[in-house]
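Participant: As a plain string of letters, each chain reads:
2 protein chains.
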Amino acid sequence: MNAPQELRTDLTTYMKDVGQRARRASVAMAKASTATRNAALANLAAAIRARHADVRAANARDVEHARAAGLESALLDRLQLSDVHIDQMAAGLEQIAAMPDPIGTISDIRPMPSGIQVGRMRVPLGVIGIIYESRPNVTIDAAGLCIKSGNATILRGGSEAIECNRLLASMIADALRASGLPEDGVQLVATADRAAVGLLVTMPEYVDIVVPRGGRSLIERLMRESKVPMIKHLDGVCHVYIDDAANLEQAIRIADNAKTQRYGTCNTMETLLIAGGIAPSVLPPLARVYAGKSVELRGCERTCAVLQAAGIACVAATEEDWHTEYLAPILSIRIVADLDAAIDHINTYSSHHTDAIVTDDHVAAMRFLREVDSASVMINASTRFADGFEYGLGAEIGISNDKLHARGPVGLEGLTSQKFVVFGHGEVRT
Amino acid sequence: MNAPQELRTDLTTYMKDVGQRARRASVAMAKASTATRNAALANLAAAIRARHADVRAANARDVEHARAAGLESALLDRLQLSDVHIDQMAAGLEQIAAMPDPIGTISDIRPMPSGIQVGRMRVPLGVIGIIYESRPNVTIDAAGLCIKSGNATILRGGSEAIECNRLLASMIADALRASGLPEDGVQLVATADRAAVGLLVTMPEYVDIVVPRGGRSLIERLMRESKVPMIKHLDGVCHVYIDDAANLEQAIRIADNAKTQRYGTCNTMETLLIAGGIAPSVLPPLARVYAGKSVELRGCERTCAVLQAAGIACVAATEEDWHTEYLAPILSIRIVADLDAAIDHINTYSSHHTDAIVTDDHVAAMRFLREVDSASVMINASTRFADGFEYGLGAEIGISNDKLHARGPVGLEGLTSQKFVVFGHGEVRT
Chain A
64 MNAPQELRTD
74 LTTYMKDVGQ
84 RARRASVAMA
94 KASTATRNAA
104 LANLAAAIRA
114 RHADVRAANA
124 RDVEHARAAG
134 LESALLDRLQ
144 LSDVHIDQMA
154 AGLEQIAAMP
164 DPIGTISDIR
174 PMPSGIQVGR
184 MRVPLGVIGI
194 IYESRPNVTI
204 DAAGLCIKSG
214 NATILRGGSE
224 AIECNRLLAS
234 MIADALRASG
244 LPEDGVQLVA
254 TADRAAVGLL
264 VTMPEYVDIV
274 VPRGGRSLIE
284 RLMRESKVPM
294 IKHLDGVCHV
304 YIDDAANLEQ
314 AIRIADNAKT
324 QRYGTCNTME
334 TLLIAGGIAP
344 SVLPPLARVY
354 AGKSVELRGC
364 ERTCAVLQAA
374 GIACVAATEE
384 DWHTEYLAPI
394 LSIRIVADLD
404 AAIDHINTYS
414 SHHTDAIVTD
424 DHVAAMRFLR
434 EVDSASVMIN
444 ASTRFADGFE
454 YGLGAEIGIS
464 NDKLHARGPV
474 GLEGLTSQKF
484 VVFGHGEVRT
Chain B
64 MNAPQELRTD
74 LTTYMKDVGQ
84 RARRASVAMA
94 KASTATRNAA
104 LANLAAAIRA
114 RHADVRAANA
124 RDVEHARAAG
134 LESALLDRLQ
144 LSDVHIDQMA
154 AGLEQIAAMP
164 DPIGTISDIR
174 PMPSGIQVGR
184 MRVPLGVIGI
194 IYESRPNVTI
204 DAAGLCIKSG
214 NATILRGGSE
224 AIECNRLLAS
234 MIADALRASG
244 LPEDGVQLVA
254 TADRAAVGLL
264 VTMPEYVDIV
274 VPRGGRSLIE
284 RLMRESKVPM
294 IKHLDGVCHV
304 YIDDAANLEQ
314 AIRIADNAKT
324 QRYGTCNTME
334 TLLIAGGIAP
344 SVLPPLARVY
354 AGKSVELRGC
364 ERTCAVLQAA
374 GIACVAATEE
384 DWHTEYLAPI
394 LSIRIVADLD
404 AAIDHINTYS
414 SHHTDAIVTD
424 DHVAAMRFLR
434 EVDSASVMIN
444 ASTRFADGFE
454 YGLGAEIGIS
464 NDKLHARGPV
474 GLEGLTSQKF
484 VVFGHGEVRT
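Residue numbers (my numbering), protein chains in the order written: chain A, 64 to 493; chain B, 64 to 493.
Bear in mind the hints are in silico, worked out from the structure with no lab data behind them. There's no promise every hint is true.
In this list, chains with the same sequence are indistinguishable; a pair is considered to hold if it fits within one copy or across any two.
Claimed, not checked - Below are the EDC-like pairs computed for lysine to aspartate or glutamate, each with C-alpha atoms no more than 20 Å apart in a straight line:
{"id": "1", "residue 1": "290", "residue 2": "268"}
{"id": "2", "residue 1": "94", "residue 2": "401"}
{"id": "3", "residue 1": "94", "residue 2": "434"}
{"id": "4", "residue 1": "290", "residue 2": "80"}
If we strip away everything but chain A, and leave its shape as in the complex, we get:
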């Protein structure tokens, strides 16, 4: 993947130019009125509807190239845009346009003893870099959120989607220009050279934050290389803990849904914890639900004993299982002594993404809420709810496992900052 020195120099020059253009455009993006930014979103939505067939055709060419290049079928699936996907891109933009504008909001204005009034104004971050793979709808979703939040954007999509992404980028540029915004407000990195990603994450002078959306290997690479802060999560090792005081029917419903509603998502449960007292009554019927869906169960010693007594297959879980995000019909199960042991297990093995308790005991529920150190902590609900739409954020740019700046599902607010604003009347400091 290493380009010859000559090309690398060209690439560095090119990426620097992209960065400088973005930095310059960010001034106009930040100053633009709510109406202007919403008009750009509406223009873009209309263009996508009008050029539906062109988008479809560009995507079909990408799919054809990818198939010829031997891309595996799961990735081909993710690359392919259906008519519904294309309609959803336009509808998503219209939803973003209809959301309240966060930019310019002034909150918490308070008078101080000195006479000044101090408040906070929400402002854009500046320049956002988005790194993603496969499906080109991310191009539109990410551009929409960044335009709405008054940021300039540098998009770096996967090389396999390059034809469709180029078409969409030209439509975005047209929509920006038509509403009086700079075309450089959203730029697509137009090279398949993977070194471009390394350059994008090492230009803190031009890029304020990077949102990588991709697999573990991409995120791990960027964590090593990046000089720019990131909104990211590495793993989703999510837990459901069934407390002694759980309602049985509810516990089975939630534990079933959290594991089996979709296997491949980051908010899917990977480990089920069950309090010792309720395990004999909840485990056999729940395991039968999983067995009916061909979910492989990997249990601690006690779990396997309970299941084998009930005639249900159970593999002995290893230490590694407690750390593993299966993203597959596999579930690890551990019987724990009590709430304390459950919280200990979660704070040790969880990826701090999303963890839930099922209980009718108020004290246990509130302790779990306070003491589990994860981005989303839930009482009596499926971990699958942890996303921007279900949380009412409207849309999400990603989910963050970090504690700083943005934690959990990240919507428009995570793409903004707050500055202090001071209203004075000639006050000076004494």
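Once you've looked at the hints, dock chain B against the given chain A.
Facilitator: Using the frame of chain A, we list chain B on its own:
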């Protein structure tokens, strides 16, 4: 400063141990009730009052060693604790104890169409590392803010203050123990080896955030080395812009105060911008105020022409002057065409710390507020107001020039994070 390999290995083992202890203690610190954390603060305040003479004596020994070692007088000044300083340490802790507890606050609970209710709970960050120099009151101020916000803390004070810091650290440990909190909740790195700082900022597994309080060379070093996010600012190149529509008397008062109330603080004005129309009337009387306080003036060509015509000395400013934080009785002055030119100058040369406009024009004021990209933006007030006390935050751990997580003066809130909390009733995702 490089220790022999053997000592470095010991130091690494030592710092890892400190980190692990802090991580373990952070669990108890986060769980502790409001009353427990406030009791620790009250215990510590009482101990400082009771052992006033001991603190004074330990500080005197540090000062004596530093004097013998030839420490320069400005640093000796900053090392020395007066009776007032010691009283202020105790009073500061009592003020922090009296503040509302941010931890556990649940806000913005909203019902979602699915039936779940989604809110956000404020929680500690975990482990905070504080790196500072000279005056040992920072030991108490920082420990107080971190205890109140439910964090574990690793303090790394200057080696010149080691005797006093050790005494204060033992008093902090006593206060924590007396209120039922772990002694490791606040640890002092008890070595003068400067390599300890490098280790502290490269243990992201044990340290969640680092707050460096020190000069430019420390911050620059940490920006290169740190693998842990930081709350920091590098420079305070702050501006006052006197608009054409400024009230003359107010403009002179604010521009005087912003420069001369204290020369060495980060929120002191370093560059004065004046609109062309008002320059001939505001510049001569203002320059006479500065001349009376022996402030050296470095002006653009037009500024020097106006001043020299009025018989006031003016040095020609160079490009470097616009970038410089003097921290001294020196001021650079530029006459600009209009508001746009002023905003351009500020967004180009400001360190994004604090910038103010003086104007009676509403439109100009609101444009300045929106378009100046700094942590604090002020209308008709002195830049000197930019600190935690004047903003009503109660106390500050530092001032941040970054846009992510915490911006501007950082109080308790910057030492916390928010997690999503979900209250369900058995809901599952469909």
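Participant: Which numbered hints turn out to be false for this structure?
Facilitator: The structure conflicts with no hint, since it agrees with every one listed earlier.
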